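Chain residues, written in single-letter form:
2 protein chains.
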Amino acid sequence: MESVFQIFKKIPACRQAGKNSKARKSRLKTAHGKVNLPNFMPIATRAAVKNLTSDELKEIGAEIILSNTYHLFLRPGVEIIKGAGGLHQFMNWPGPILTDSGGYQVFSLAKWRKIKKEGVEFSSEIDGQKFLLTPEKAIEIQKDLGADIMICLDVCPAGQESYEEIKKAADITFAWAKRAKKVFARNESLPESRRSAFGGKKQLLFGIVQGGIYPDLREKSAREITSLSFDGYALGGFFVGEEEKNSWPVIRKTISFLPSDKPRYLMGAGRPEQIVKAVKLGIDLFDCVIPTRNARHGLVYVNTKSQITNYKLQTNSKSQIPNKFYEEIHIANSKYTKDFSPVDKNCSCFTCQNFSRVYLRHLYLTKEPLALRLLTIHNLYFYLSLMKRIRENIELGNL
Amino acid sequence: MESVFQIFKKIPACRQAGKNSKARKSRLKTAHGKVNLPNFMPIATRAAVKNLTSDELKEIGAEIILSNTYHLFLRPGVEIIKGAGGLHQFMNWPGPILTDSGGYQVFSLAKWRKIKKEGVEFSSEIDGQKFLLTPEKAIEIQKDLGADIMICLDVCPAGQESYEEIKKAADITFAWAKRAKKVFARNESLPESRRSAFGGKKQLLFGIVQGGIYPDLREKSAREITSLSFDGYALGGFFVGEEEKNSWPVIRKTISFLPSDKPRYLMGAGRPEQIVKAVKLGIDLFDCVIPTRNARHGLVYVNTKSQITNYKLQTNSKSQIPNKFYEEIHIANSKYTKDFSPVDKNCSCFTCQNFSRVYLRHLYLTKEPLALRLLTIHNLYFYLSLMKRIRENIELGNL
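Chain order of the listed sequences is A and B.
Our numbering puts the last residue of the first sequence at 1145; the count rises by one with no breaks.
Our numbering puts the last residue of the second sequence at 1145; the count rises by one with no breaks.
Think of the hints as simulated: they come from the structure by calculation, not from any bench.
Be aware that a few hints might be false.
The list treats identical chains as one, so a pair stands whether inside a single copy or across any two.
Unchecked claim - Calculated cross-link-like contacts (lysine-lysine; reagent style PhoX-like; alpha-carbon spacing at most 20 Å): (1) LYS1113 / LYS796; (2) LYS914 / LYS828; (3) LYS796 / LYS928; (4) LYS1008 / LYS1113; (5) LYS1084 / LYS828; (6) LYS1008 / LYS862; (7) LYS1081 / LYS828.
It should be emphasised that the depicted structure is a prediction, and the values quoted were computed from it without experimental measurement.
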């Protein structure tokens, strides 16, 4: 039998640009198709990537998307999505979907929350209704949504929290991970016809490592979580308010405690250069609101290399931050008043193939809703092309 | 040489459903292609139909769109659109475009306006800047936009205005029409290379008949305007606040003074049943914000006939209003909470082929911008399919 996770290429250590690189090219098999890694997941918070249809996502090159359990649980509710035949059918997206556990949003969005041993109690920011989310319930919901990849419920404290708080969060995360794994394993051991997941399809479950910027806590958390043998590992609690320079050494350290034969997902990252950097540390999967949110604020990416084929991801040996291979421009800038060229003349996205900066600027300034769609298409295309180029560069041994 | 306007079919007077019908099927040739009439123009106010790309418009079946001179004049300004190569290039719509004169918006939107003999002075509602729009200037702007069909500047009073006011408006409209025709004719008589219109392409100019709900004023205006021999005639000043029942006899009367060998355009109309009624009176061209605005408010159309092939436009002999051949439903209605069927199970639009009522309801209620696009696609498809069915029914002698 073909294994779920296959690594095709690890960077040879001797390559010029790849010194110390842990970048790897791999493929993850899910119930709704294979995903080439490293890859980036556009975020379909409420069963839609803002402004885009599934057809457009496919055209842009998206292979896997992320949807938010917390939002879907509150609206329209799991029963409705289950009734529609699961999330894939509901939103008409045929490819793989990863759902988060809902934990992160309970901590960042809910009006009020209280962590208990059994789970987290919270009241919805929409109507104040109270709910209890347990690790078991988080699995049940994600099963009903029909997610290809599910995530264990965790406690994700803010980056500035004390050592004590972050230690406590990691301990609860481990306790909850054990319970999540138990209900997951019970269901997976059933014959297909009796599995509760939609259509009986095989689902994957990722554990989350916590521990903030404290290497000892990360090591402990990584050892504990990996002892439960999940299908993949998510690194939670990074880029949540801590100083970025403190995160990178800890990300590197955390990865060293993860098995190399399982995919690694750096939650919530990141800017293009952060993604490149994380890939070099051995990360396989990413999600971030940045490209879509930036688009809605008129910020778009422009490649600074004229030839995509010449594109190299280089590192500044001192800071380990790659040279900027792109610019961010604001489409409303008055210097584009008479700029009839596309956002990026080397870009093959629908927006750049059909519309000029001056037209997009006009739509954006007059608040035409089409502006946000066209800019979103471009930014996601930029991200997904970046992932493709990253994979190509790993293949060539250049990363 | 093939004539610009060709009538293919007039309803034989003896047909059962077509008694007294003046419906006709025809074709109008423009610089950017032919338009089958009767037809409906989606409104691309600011060089974009709200939420849609030109590709989607084509897919929906749009043959011609309308763009608003007033809005484009203020933002982004005519120079920019001219610089882009004209409106077609600017917004990437290859088909015919009709632009209005800007007059209607000056009267309905501008912060302040004053009608003078030479034109109308107004101050922009955006920044208060003052402008003078003359009949000559309106032609120049529309030439620079590269419109396929241009409209003469008119004065369009509200429907409740006094006979005196409406008479005055019609008189000014005639005086301005003469001046518009003059600059238009001067340009058209030049060899292609010296014409100011973009690319030297042949543009068409429609005159506007005014006169409110007063048959004598309509007759006078129609006789005056048609004496100038335009490429087509627009009926302005209907559905602008007057009682609808007072309009229909006057529309019928006005049409009787228009030449049958020129297209007729009923500005700003209307609801689906108004369109059917107007076609039967001999109208060829329509525009209206209703389908797109309704979509943005969650109101969508559903055909009430299960078989489109059985579809007949019938009239109630008393009121001359066709039986309702559709329903309007509100997608947010709680009765669609578990309705997994499409908006209209007999509809072939992208939205109905791919998404359920419950999904659209969810998107609409959670304010996902995709909702407005998908509902707009459906409503415009409904309108443009209606126009197609109208043409088919004229062909069959059923209208």
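Hint check:
1. LYS1113 / LYS796: Answer is both: 16 Å inside a copy and 10 Å across each meet the 20 Å cutoff.
2. LYS914 / LYS828: neither (35 Å within a copy, 64 Å between copies)
3. LYS796 / LYS928: Neither. Shortest intra-copy (35 Å) and inter-copy (50 Å) distances fail the 20 Å Cα cut-off.
4. LYS1008 / LYS1113: Neither way: LYS1008 and LYS1113 sit 45 Å apart in one copy and 38 Å across, limit 20 Å.
5. LYS1084 / LYS828: between (50 Å within a copy, 11 Å between copies)
6. LYS1008 / LYS862: Answer is neither: 31 Å inside a copy and 78 Å across each miss the 20 Å cutoff.
7. LYS1081 / LYS828: between (50 Å within a copy, 18 Å between copies)
Hints 2, 3, 4, 6, counting from the list given before, are not met by this structure.
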